[in-house]
Amino acid sequence: MADLLQVRDLTTHFFTRDGEVGAVDGVSYSVAAGETIALVGESGCGKTVSALSIVRLIPEPPGRILSGKVLFDGADLLQLPADEMRLVRGGKIAMIFQEPMTSLNPVLTVGRQITEALELHQHMNRQDAFRETVRLLKLVGIPNADQRARSYPHHLSGGMRQRVMIAMAISCKPKLIIADEPTTALDVTIQAQLLELMRSIARDLGTATILITHNLGVVARYARRVYVMYAGKIVEHGPALAVYHDPRHPYTVGLLASVPRLDEPRKTRLAPIEGQPPDLVSLPRGCAFQARCSFYSGGCEGQALDLLEVSPGHYSVCWQGRKGREEWAKT
Amino acid sequence: MTEAAAPAPVATVTRPRHTLWGDAWTRLRRNRLAIAGGSVIIVVALAAIFSPLITPYGFADQDLNSIMLGPTLAHPLGTDELGRDVLARLLYGARTSLAVGVFTQIIVVLIGLPLGAIAGAVGGRLDNMLMRFVDVMYAFPDILLIILLRAVFGGSIFMIFLAIGLVAWVNIARLTRGQVMSLKGRDFITAARVMGGSQRYVMLRHLVPNSLGPIIVVLTFNVPRAIFAEAALSYIGIGVRPPTPSWGAMIRDGYDLIFANSNLVLFPALSVGVLMLAFTFLGDGLRDALDPRLRR
Numbered sequence: 000m001a002d003l004l005q006v007r008d009l010t011t012h013f014f015t016r017d018g019e020v021g022a023v024d025g026v027s028y029s030v031a032a033g034e035t036i037a038l039v040g041e042s043g044c045g046k047t048v049s050a051l052s053i054v055r056l057i058p059e060p061p062g063r064i065l066s067g068k069v070l071f072d073g074a075d076l077l078q079l080p081a082d083e084m085r086l087v088r089g090g091k092i093a094m095i096f097q098e099p100m101t102s103l104n105p106v107l108t109v110g111r112q113i114t115e116a117l118e119l120h121q122h123m124n125r126q127d128a129f130r131e132t133v134r135l136l137k138l139v140g141i142p143n144a145d146q147r148a149r150s151y152p153h154h155l156s157g158g159m160r161q162r163v164m165i166a167m168a169i170s171c172k173p174k175l176i177i178a179d180e181p182t183t184a185l186d187v188t189i190q191a192q193l194l195e196l197m198r199s200i201a202r203d204l205g206t207a208t209i210l211i212t213h214n215l216g217v218v219a220r221y222a223r224r225v226y227v228m229y230a231g232k233i234v235e236h237g238p239a240l241a242v243y244h245d246p247r248h249p250y251t252v253g254l255l256a257s258v259p260r261l262d263e264p265r266k267t268r269l270a271p272i273e274g275q276p277p278d279l280v281s282l283p284r285g286c287a288f289q290a291r292c293s294f295y296s297g298g299c300e301g302q303a304l305d306l307l308e309v310s311p312g313h314y315s316v317c318w319q320g321r322k323g324r325e326e327w328a329k330t
Numbered sequence: 000m001t002e003a004a005a006p007a008p009v010a011t012v013t014r015p016r017h018t019l020w021g022d023a024w025t026r027l028r029r030n031r032l033a034i035a036g037g038s039v040i041i042v043v044a045l046a047a048i049f050s051p052l053i054t055p056y057g058f059a060d061q062d063l064n065s066i067m068l069g070p071t072l073a074h075p076l077g078t079d080e081l082g083r084d085v086l087a088r089l090l091y092g093a094r095t096s097l098a099v100g101v102f103t104q105i106i107v108v109l110i111g112l113p114l115g116a117i118a119g120a121v122g123g124r125l126d127n128m129l130m131r132f133v134d135v136m137y138a139f140p141d142i143l144l145i146i147l148l149r150a151v152f153g154g155s156i157f158m159i160f161l162a163i164g165l166v167a168w169v170n171i172a173r174l175t176r177g178q179v180m181s182l183k184g185r186d187f188i189t190a191a192r193v194m195g196g197s198q199r200y201v202m203l204r205h206l207v208p209n210s211l212g213p214i215i216v217v218l219t220f221n222v223p224r225a226i227f228a229e230a231a232l233s234y235i236g237i238g239v240r241p242p243t244p245s246w247g248a249m250i251r252d253g254y255d256l257i258f259a260n261s262n263l264v265l266f267p268a269l270s271v272g273v274l275m276l277a278f279t280f281l282g283d284g285l286r287d288a289l290d291p292r293l294r295r
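For the protein sequence lines, the chains are A and B, in the order given.
Quick note on numbering: numbering that gives the first Met the number 0 labels position 126 of the first sequence as 125, and the sequence is numbered without any gaps.
Quick note on numbering: numbering that gives the first Met the number 0 labels position 28 of the second sequence as 27, and the sequence is numbered without any gaps.
For the record, the hints were derived by calculation from the structure and aren't laboratory data.
Even for Gly, the Cβ is constructed at its ideal location relative to N, Cα and C.
A few of these clues could be false.
[Said to hold, decoys possible] One side of the interface only, derived from the structure: several residues of chain A facing chain B at Cβ under 10 Å: (1) L56; (2) P80; (3) G90; (4) Q97; (5) N104; (6) Y151; (7) C171; (8) L282; (9) A290; (10) S293.
[Unchecked claim] Non-contacting residues of chain B with respect to chain A, defined by C-beta distances greater than 10 Å in every case (computed): (11) G57; (12) L63; (13) V133; (14) L211; (15) I215; (16) F258; (17) T279.
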């Protein structure tokens, strides 16, 4: 399958008073047309920065994309002139944010915010754009769509607003939707509804999706492939099922162990990953996870951190993880 | 509303539509002081507009047989040392004061808002340059600058607007810049840019409309300051040219005769005070009404 998006060696650093922060450090991933991939990791590991780097909306300064390529539809987005880039944003790549309460303009009706995107990218006139907006709002499951289009954001609940954001994202039929923790701020019941909605819309429109999340339960169900990020780097990636059943990086193991499970006795204590994420200004030599790793051994410092294949399509940077499951279980 | 032809869908619950400004109006109406202030302003404005209907005298009509009278039936507020009716002069003077208050704010908005918005939205070196210019303007003594501008531009009343406006815009520029900068980091701005909005579009459509609340409030507070500035200018004799009345000029003229007829100071001073208070109360009410944190 031809890749719709190829991110190669993307490096985005923030230059702060405390030093240079390697928020995204040599990250590569790819998304095929119509495919859903997941980017997983804890807060501050660079998921969002890597997504914002794709559409070149890193606040600059202090941030800067230092190197890498973002090949999208045959063109390198990082080299595109600003006005062409603007047509890509919204027109070909759309984004859904974590916080629906703050991602809509409070002084414009929700309908107006969608029609403006339609007028910009699809060159519709007001009436057509409004009709299309009502259709989109119906599509994302908003009742009374033509009245709701005239509502202001503060009239709507969080779930409704996120539906509006989804409607806005799909309004110009983008080829790729980046969903940055789209359900984190919502009720658990609404989360499932919205994810199902996003999945069915993506399937109907043939849109590829990058799902950024720290909810591993979400990943298994909705993404075909998973990229696990830690401290600005991808530490493991592969087909979702393989990563779930046979994780080959201690961090992934830790993440999976810390998810509450319904099929275990309720008294079982969750196993958190001990310690704090490392300071991105002064990373340790070698593996960034070593201080928290339960598989740490003296050999870790000297190891090269390349993603190497452990099974077909499944890669890990951990030299111990690559040895294989049985070998690993012994330590 | 009688829409007989429209068959109302039974299941649809329709609530009255609240617009943002509608909500603010509802909150403003609950504030008695603000409404009182607004009413005073409207009454003064109407009185100023329709002054020829209220008083039979012109502001320059002299009746040398009745000089320095106290309140009488023919002259409800008395007459001044030239036999001019004080009420008529007050009413026509309100025209000057209100015009100064309103037109200077228009000039202030025309200069301050775009400069502040551009500085805030673009940032970087341009922001730095614009704001240093604002600092210079801010540091310069206001009255001195107005006197200078008056000396350069000459005497028409529009030049008074211009002079006061050219001094007062720095506040709005700073405020707008601050508003825009704090909004710039908000999610919906990023969202608008992700959807392909250009910088111009984001500024005009998202940044400026969201900063309007505090700007309106400050403008309302600015109006009495401008009125007072005009009064001060007239007081030192470089305001409107006689015989055109202005409240400040009337106070100055009356001050010389304060022991002979204190009414000549009292009434214009009261008028300035009441109008300034009215604007201040209205501004106070607007601030509460437009504060999004109180939105219910």
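Which constraints among the numbered hints does this structure fail? Numbers only, ascending.
2, 8, 9, 10 and 14
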